[in-house]
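Trainee: Sequence:
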Amino acid sequence: MENKTFKFKTNINCSGCVSGVSSFLNGLNGVTEWEVDTNNKDKILTVVADTASEQDVIDSVQKAGFNIEPVQG
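In this note's numbering, each residue's number is its place in the sequence shown (first place is 1) plus 8.
Bear in mind the hints are in silico, worked out from the structure with no lab data behind them.
In this text, all values refer to a predicted model and were calculated from it rather than measured experimentally.
No false leads were mixed into what you were given.
Derived pair list, reagent style EDC-like, types lysine to aspartate or glutamate, alpha-carbon separation capped at 20 angstroms:
hint, residue 1, residue 2
1, K49, E77
2, K15, E43
3, K15, E62
4, K12, D67
Across the chosen pairs, the derived CB separations fall in these ranges:
hint, residue 1, residue 2, range
5, T59, K15, 13 to 23 angstroms
6, E41, P78, 12 to 22 angstroms
7, E10, G73, 29 to 39 angstroms
8, G24, Q70, 10 to 20 angstroms
9, E77, G28, 17 to 27 angstroms
10, T13, D67, 16 to 26 angstroms
11, N75, S31, 13 to 23 angstroms
12, S31, V56, 14 to 24 angstroms
13, N21, K71, 17 to 27 angstroms
Glycine included, C-beta positions come from ideal geometry on N, C-alpha and C.
Using the sequences and the hints, build the whole thing.
Mentor: Right, here's the structure in full:
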């Protein structure tokens with residue numbers, strides 16, 4: 009199955025926040041890798057997934073207590 013890459017604006021803005029969301033994203037089936045650019049003003053979360061959907065990622069990050077919205081384009 010081909011990997012898909014999703015990008016999101018978030019409010020994950022420090023290493024503590026990254027730690028807070030780690031267990032949610034690491035535990036999400038179908039996510040192969042992810043990273044947050046905390047230096048970007050929009051705190052861009054990039055997720056590479058094989059079977060997880062964009063909505064799966066959104067739901068998981070929201071469960072962790074963070075804001076998230078897809079980046080278009």
